[in-house]
Amino acid sequence: MELHLKTLSELRTLLDRGEISAPELTEAVLNQMAQVDPKVQAYLTQTSDLAHLMAQQAQERLQQGERTPLLGIPIGIKDNLCTAGIRTTCASKILHNFVPPYDATVVLKLRAQGAVFVGKLNMDEFAMGSSTEFSAFQVTRNPWDLERVPGGSSGGSAAAVASHTAIATLGSDTGGSIRQPAAFCGVVGLKPTYGRVSRYGLIAYASSLDQIGPLTKTVEDCAIMLSAISGHDPRDATSVNQPVPDFRKSLRPEVKGLKIGVPREMFGQGVHPEVALRVRDAIQSLEEEGAEVHEVSIPMMEQGLAIYYILAPAECSSNLARYDGVRYGLRVGAEKGHIGMMEATRAEGFGDEVIQRIIIGTYALSSGYYDAFYLKAQKGRTLLRQEFDRVFQQVDVLMGPTAPTPAFRIGELVGDPLAMKLSDVLTIPVNLAGLPGLSVPCGLMEGLPVGLQIIGKPFDEATVLRVGYAYEQKAGLLEQLRHPTGLA
Amino acid sequence: MSTHYRPSIGMEVHAQLLTESKMFCGCATRFGDRPNTNVCPICLGLPGTLPVPNRKAVEHVIRTALALNCRVAPIAVFYRKNYFYPDLPKGYQISQYGEIHPIGTHGYLEIELNGERKRIGIRRVHLEEDTGKLFHYLPGESEVDYNRAGVPLMEIVTEFPPDIHSAEEAREYLVQLRAILTYLKVCDGKMEEGSLRCEPNISVAPEDSNTLGVKTELKNLNSFRSVVRGIEFEVQRQIQVLESGGQVVQETRGWSEEGAYSFPMRTKEFEQDYRYFPEPDIVPIQITEEWLESLRATLPELPLAKADRYRKEYGLSDYDAKVLTAEYDTAEYFERCVALGVEPKTACNWITVELQARLNETNLPISQSRLTPAHLADLVALIKNGTITGRIAKELFDEVFQSGEMPSQIVQARGMVQISDEEALRVAARQVIAENPDTVEKYKGGKTSVIGFLVGQVMRATQGRANPQRVQELLREELERV
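Line by line, the protein sequences give chains A and B.
FYI, in numbering that gives the first Met the number 0 the residues of the first sequence are 0 to 487.
FYI, in numbering that gives the first Met the number 0 the residues of the second sequence are 0 to 481.
Simulated from the structure, these hints should not be mistaken for lab results.
Accuracy of the hints is not assured; some may be wrong.
[Stated by the list, open to error] Now the stretches of chain A that chain B is said to cover, found in silico as 3 or more residues with beta-carbon under 8 Å:
no., region
1, 91–105
2, 118–131
3, 229–237
4, 280–287
5, 329–343
[Unchecked claim] Below 20 Å or equal to it, Euclidean Cα-Cα: the simulated EDC-like pairs (lysine to aspartate or glutamate) are:
no., chain 1, residue 1, chain 2, residue 2
6, B, K117, B, E167
7, B, K132, B, E192
8, A, K258, A, D280
9, B, K441, B, E476
10, A, K108, A, D245
11, A, K456, A, E294
12, B, K305, B, D272
13, B, K80, A, E9
14, A, K335, B, D86
15, A, K335, B, E142
16, A, K335, B, E140
Just so it is clear, CB atoms sit at the ideal spot from N, CA and C, and this is done for glycine as well.
Construct all of the structure, not just a fragment, from the sequences and the given hints.
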């Protein structure tokens, strides 16, 4: 089998045994990129020169006997993660020329482990969107059907894994931005518990919801990546000082006695019957392995979307205030005085979706509206958390679909913002509650992947991954998922 | 018939906190460095960076809140204050907000005026970050220095309605507040360098009125003198406006120290909407009882309490006690002298007269004086044991202030020791008597006051090394024999 098609754990073994070299592997991935990325358009910046250099260095470390999980592994990084010396645009015109002088903490961790950086991945501008169509630069295609979206906002990260132009990638998830594209592209995606992974260097969209996570070919790969990027960071005051286990060790295909909660609200209106069927089949297959399945109810989940679309824009309206043309990035209208310059820069630099969210957020925080919108949404968020807490006293994990439908067509929902936002209705509550959530492929529907979402207790990624692994082993879909039909 | 107006003054003070590093990053807080040298991705607000609060700054504010008799919140919450300006790197200032969440609320500070104590209510003490500084050199061109951006800043606001009703009271409030801040070592109190900034808001209303007048806020007050003059001017201006049938406009006014007038800067027709909301990047800080008590234990004796003690324990006058306690370093200097055995009133005189004069001339802070309490104690001991005269002591004082040498060593090296050899003095006295027959005649004729002149002559002959008291006694004896 060609190297780029293999999983991280398979490649780990080959590299450690010296059966392949890091430069050889990087070459294979870069070749694949050259062949398929012009069609998929997952990458905003390809860093092949850097990748060659890093692969060479990784090879030297391998030869010196170093054995670390990511040594020599080609990895793609979402373009909202700061990479020292590598352009980081957030897929926005306003940062089209921004080269950070520092690495995000996760990027530093990858460098330290000897990972090879192959490029920066496309996304919805500032991670605001569910299809990657809101990138200021290009539209990424779904490798299963090039006429369809890869999901978003980490659409580039999901499409790159599915099209084998990276062995694994990093994305970020504010309301489903890792899990929904993972589901659309037939890959594994994890949003860790809020605070598990440092956000330092992640360009903020909504600070209280953002979390960095991996997109991979298998659950095992996902566990390897999670161990590599987790941990308390003194540079992020919201990162939590929790021990980081070797998540790979928790992967046993064993679910006997596991209590699975199935929230009624995750199979409500808007969920495509075929999607619901695939997910119910998946849950049943675990029941056959000895898991107990309980129907549960989390009524506040239905308010999740409304709560999110107050809180996330409110935070974004403040987080994006720094893009004013004064210190870095785009500057327009220098002759208009500093206030005129700021206005012109922001009007020109931000796309419509971003501007819309800034306006909504500004409105929600304005005096006279704060109590009715922001404060009320915060209260709703607290209630939602309490409901999750209550349910988790009875069950170990929750399961449902990741997204209500499979990938939609490019352009299909651009004119229907509400339908587009409904694409995240099943993932958003997990961010609001700060919980870990995993999306694992659970079959195809009309040739398009469907995602099973597994939600866990705070900092219990180990259980979430174990359940995902057990399902993946049982389902036996990996070989089929290796070959997305859009690239055939 | 003319109406009497009563001014009401609210004080908003910003104090830069004395910390090595900035509020949310590791950059230095030093003043006066080359522009944009004390900056990093965090205080420049680069994308993806995050603030991590400076614990020392939080402690400074808690200690100040305690010293100002405030209630200290069990949880300190940071908020974002959103507005656009080129000197504000993130487009928001991390600050505190509201009546529950500031670190300190419901406090007071005592002032003393004309021998009477008065409490000035403190509404809140909170922590925030400073902005950068904008410079406009040429038309159409501006430059920003972000060295100050992110420096920890404490805001102290007086209670509303105001307790302060005159420029004098405002001055006393500021003097006491500054003294407390410097005693706590949380701020260096330098108004000229902007590390202590005061923005009073001023209104006047007829004395019998129950409501307050429309207020104006005064900016650019860079010294105590400007604060007093600015408030006095503004009070008179408002009275004139009202007297002439006009209305005071609610606005922010600047103060011109050179011209001694205030001028409109911007009107506050509508309140700017800062869209405050809790800062999601910073977890609220728990201020535990334990932490609070450990900080309370670090509070020094505060200026007014110290002055009280000086009066009671050392019998110093109100004036002396006030002068000695105005600055922490002066009080400390004084107490070290007393600890070294100098009589308190003597120490006070030397410090407030001789030392202060020389410090003023050389523009040195007392902490950098080469003449230390040990030197002063040595000098005073030399006078007391009769080794040197008061006149010599003053000369020596100058020398020690410049050189930092020990007075007793100088005295020994130069033979400046007082002549206590009776015979040598008697010889000098006889000599002077012999040389001044006219004066002797006057003395004999009953005009005994002329002995002062003869004492002077002996002192001159001995280069001041004689004890004048003893010289006079010897002269009387010798004159009897003539």
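Verification of the supplied hints:
no. : hint             : in the structure
1   : 91–105           : holds (count 6)
2   : 118–131          : violated (count 0)
3   : 229–237          : holds (count 5)
4   : 280–287          : violated (count 0)
5   : 329–343          : holds (count 5)
6   : B:K117 to B:E167 : holds (13 Å)
7   : B:K132 to B:E192 : holds (13 Å)
8   : A:K258 to A:D280 : holds (16 Å)
9   : B:K441 to B:E476 : holds (16 Å)
10  : A:K108 to A:D245 : holds (15 Å)
11  : A:K456 to A:E294 : holds (17 Å)
12  : B:K305 to B:D272 : violated (44 Å)
13  : B:K80 to A:E9    : violated (51 Å)
14  : A:K335 to B:D86  : holds (17 Å)
15  : A:K335 to B:E142 : holds (15 Å)
16  : A:K335 to B:E140 : holds (11 Å)
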